[in-house]
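Peer 1: Protein chains in written order, with the working numbering: chain A, 82 to 627; chain B, 6 to 268.
These are computed hints drawn from the structure, not numbers from a lab. Incorrect hints may appear among the rest.
What the hints assert, rightly or not - In the DSSO-like style, the derived pairs of lysine-lysine whose C-alpha atoms are separated by at most 27 Å in a straight line are:
{"no.": "1", "chain 1": "B", "residue 1": "K21", "chain 2": "A", "residue 2": "K114"}
{"no.": "2", "chain 1": "A", "residue 1": "K157", "chain 2": "B", "residue 2": "K101"}
{"no.": "3", "chain 1": "A", "residue 1": "K236", "chain 2": "A", "residue 2": "K114"}
{"no.": "4", "chain 1": "B", "residue 1": "K173", "chain 2": "A", "residue 2": "K114"}
Claimed, not checked - One-sided and incomplete, this derived list gives chain B residues near chain A with beta-carbon spacing under 8 Å:
{"no.": "5", "residue": "T207"}
{"no.": "6", "residue": "S221"}
{"no.": "7", "residue": "S260"}
{"no.": "8", "residue": "F261"}
{"no.": "9", "residue": "D265"}
Unchecked claim - Beta-carbon label-pair distances, calculated as ranges:
{"no.": "10", "chain 1": "A", "residue 1": "R536", "chain 2": "B", "residue 2": "A241", "range": "55 to 65 Å"}
{"no.": "11", "chain 1": "A", "residue 1": "E259", "chain 2": "B", "residue 2": "L43", "range": "27 to 37 Å"}
{"no.": "12", "chain 1": "A", "residue 1": "L159", "chain 2": "B", "residue 2": "N8", "range": "54 to 64 Å"}
{"no.": "13", "chain 1": "A", "residue 1": "E259", "chain 2": "B", "residue 2": "W42", "range": "36 to 46 Å"}
{"no.": "14", "chain 1": "A", "residue 1": "P224", "chain 2": "B", "residue 2": "G180", "range": "50 to 60 Å"}
{"no.": "15", "chain 1": "A", "residue 1": "F154", "chain 2": "B", "residue 2": "F183", "range": "47 to 57 Å"}
Note that the structure is predicted; figures quoted are calculated from it, not measured. Glycine is no exception: its CB is placed at the ideal position from the N, C-alpha and C atoms.
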Amino acid sequence: MLKQDIIYLTLQVLSCVLLFLLAGFSQKYVSSKWKLCYLAPAVFCIVYISTTSIEKLLLPVYIGAAAVAVGFFWEKKLLRRIVSALCAFITVGGLIGAAVNPYFRMTDYLGEFEDTLKEMEKRYILTDYKQIDWDELHDKYEPIFREATESADEKLNCSAWMQLCAEFKDGHVNYIPEDEAVEEEVIRDICGRDFGLSILNYEDGRAVAVNVDPSLNELGIHDGTVIVTWNGKSPEDAAKDSEAYQYLGYADEYNAYFYRSLLAAGTGKKGNVVYIDDDGNERSAELSSIGNYYDRYKSTLEKLNKGVKAAHMSVTELNDTTACLRIKAMMYVGEDSVNTDYESTIRSLRHSIKEYRGEGKENLVIDLRGNGGGSGTLVRAIAGLLAPEGEHLYCYDGVWDREASGYKKNPDGTFVVGKKNTFEGENCLGGGKIVILVDRGSASASDHMATVMSRFDNVTVMGFTKSCGSAQGVTGIAMSSGGVSLSGSLTLNEDGTVWIDAGTDMKSGSPLDIRVPLDEDAVKAIFVDDTDYLLEKALEHLDSDK
Amino acid sequence: MKNIINSQIKQLFKNKLKFIVLLICCALSGFIVYGTWLDYYALEQLPEISASQLIIYNWGSVIIMVFFFVAVSVGDICAGDFSDKTVYTELMSGCKRSGTYFGRAVVALVFTLIGSLVIVCAPVLISSIIFGWGTLVSVGDFVTRVFVLIVPIIRIICEFVCISFIVKNKYIVLGIAFGIVELQSVLGNLTNNAPAEILGITSFERLCIFDCWATSGLDDRGNIIANAALPAGEMASIYIWSIIASAAAIWIGYSFFHRDDLD
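Please take these sequences and the hints and turn them into a complete structure.
Peer 2: This is the structure:
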């Protein structure tokens, strides 16, 4: 129930009581002005509706407010008292009814779904490329949203949107709920139980326990213990049983493959695990739940992809020859939050880099892990600062066809190429080596930066997996229950193919020059020694290049 | 009533106040056109400078102008004659109250509606002459909107007729208009879920402010796509509710004036 509802309904009851008393008073002190007071509930009601919305459950209250206006036209004391009392009773009833009714002020989830899906179809630019069948999506999700509406189930609505968005396999298609707590509840519901471990796969395919709870050590399960089966299935297959599996919308096959077993350890009522102990013997155990798997899932990802602990957009020393530029998002909140050319950001970066170069630090690690994107203009400014001198290609724009309300296509199915976006290199680093660290969370403008800079000879992109692989411009659609973001502006390669984003093959164009294998050393470093393994590998790579 | 209408028309042309206000409102259209020009050159995001760009970005500015013009015009026609006691003289000389009420209401309705439409269309026409029509909105969609807009304007006029005969003071009418605009700007921000037809001003907003979205290049001027065509159901709803509200306002105003103690 909204605060406005309580205030309005209370005021309406009070005004009805006053109008009841006024019926007698106006007979004693006669004036034609008194009757205007009987219009007040109707006027307040209109103001109230205009600031909230029409609520069907309050229809009797609206009618009651209108009925009091009878006192304006007929000045009989009894009639005025009857309508005032009636309206007061109806309003009190409405107040109580509204407080206990779960359908009160409930969003029409189905209507919202219908409208938003139509709008998405109009705006989404990768429909053909990703072979999105809008009718199929509608038919699949319409019953779920209908159920959410009929049962006034906010969580079901949220989970349906999350699943629907995952179907696109596009990092830019996301549901942003109005209430983040609802989203977390949904995720907790679908992640399953925590049995004290997560499962990842080594490069050679073996599934291993990671982020293991110390309580499992007495069973001989620790970080790096090989898991043979989980509840009778290979961890990869067990992960597919997780309800959360439907909510994964990896845009790129690398990420989907790397994290293929991560959801397994949340499945089942009991964790029946078969594993290889330290002596090489196959053992089994039945693990009991110790909580919700979401917490472990989250902490596993955090340990794996934590990134350099440094301030956003700061340059810090890593060793005698290398500095690190940490970019947590492609945006800047200082003076440049209003300057779209990012002049002061670039000035400050230029100064820091030159200072470090003066100290002999010729190499740079750019840490884009967990960087969900932002401004392409900032990418261009940073890439320009570090690029070799001369003109460099960023990407091509598409050409909008106003008549067709879509991007223009060539007869062969590729898009018509529009403006060529370029930038000038400044070579601020003086030719030193650059390693860009990426993970699955490096999305959008981070994808741009990795892709644009990977074209330079002195740049190496490193990670366990590729970056997200979603690089189109984003648009948003607002709803009462939240909002949806989606790819709405096209960026292209020179040949008119979509830049970076993957089609149905999930092979994105985001670069990965060195795929760091997840192996025994990596698991030990990350989950036992709590070190930044990827950063160590980056420094190793830079040192080996000397 | 015929005599009242004739005298009101004569008074309309004798008293230049309403024409001056209309002229000022039209002159303010120049600022809307300037705003359109400014948006194009300062924001560097808009795809074109044209009348249709004005319609999408700045047309909503006419709402306030129309609202105050209606308040001034209707207040002067319907409430202005209370202060110099003309209404009392009319009634004492045998005029029926219905004639006094509806005679003024008709003149107020016709003159204010024409003036409002001039304010609504002036910036678009000026912009069209200077910059051309453009491609963002078709002329047909604009004309349809103006056509639908007539009914909410009539509704607002009728509501002010009602208010004028209740308060009987043109300055208070203007004050009420100011209060409504302020209230709308404060309360209107609480939520946008209210149906457009609930108030005359919200119907007006729905018709003058376009839903639009954009696509853009990396750093190029974007493409603005306006959902210019209004759903038939919504148009019908605005029409029906505006007619009902107009009739109710006229009826309430007359019911009050008909039995009012004129002291």
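Peer 1: Hints first: check each against the structure and report whether it holds.
Peer 2: To see whether the hints hold, each was checked on the structure:
1. B/K21 to A/K114: It is violated: about 33 Å lies between the C-alpha atoms, which goes past 27 Å.
2. A/K157 to B/K101: holds, 25 Å
3. A/K236 to A/K114: Given that 27 Å is the threshold and the Cα spacing comes to 52 Å, the pair is violated.
4. B/K173 to A/K114: Holds, at about 12 Å.
5. T207: Cβ of B/T207 sits 6 Å from chain A, so the hint holds.
6. S221: holds, 5 Å
7. S260: Because about 6 Å separates B/S260 from the closest Cβ in chain A, which is inside the 8 Å limit, the hint holds.
8. F261: This interface hint holds because 7 Å falls under the 8 Å limit.
9. D265: holds, 5 Å
10. A/R536 to B/A241: 55 to 65 Å: holds, 57 Å
11. A/E259 to B/L43: 27 to 37 Å: With Cβ atoms ~35 Å apart, the hint holds.
12. A/L159 to B/N8: 54 to 64 Å: Violated, at about 42 Å.
13. A/E259 to B/W42: 36 to 46 Å: Since the Cβ atoms of A/E259 and B/W42 sit about 38 Å apart, the hinted range of 36 to 46 Å holds.
14. A/P224 to B/G180: 50 to 60 Å: Given about 54 Å between the Cβ atoms, the range holds.
15. A/F154 to B/F183: 47 to 57 Å: violated, 29 Å
Comparing the model with each earlier hint shows violations of hints 1, 3, 12, 15; every other hint is respected.
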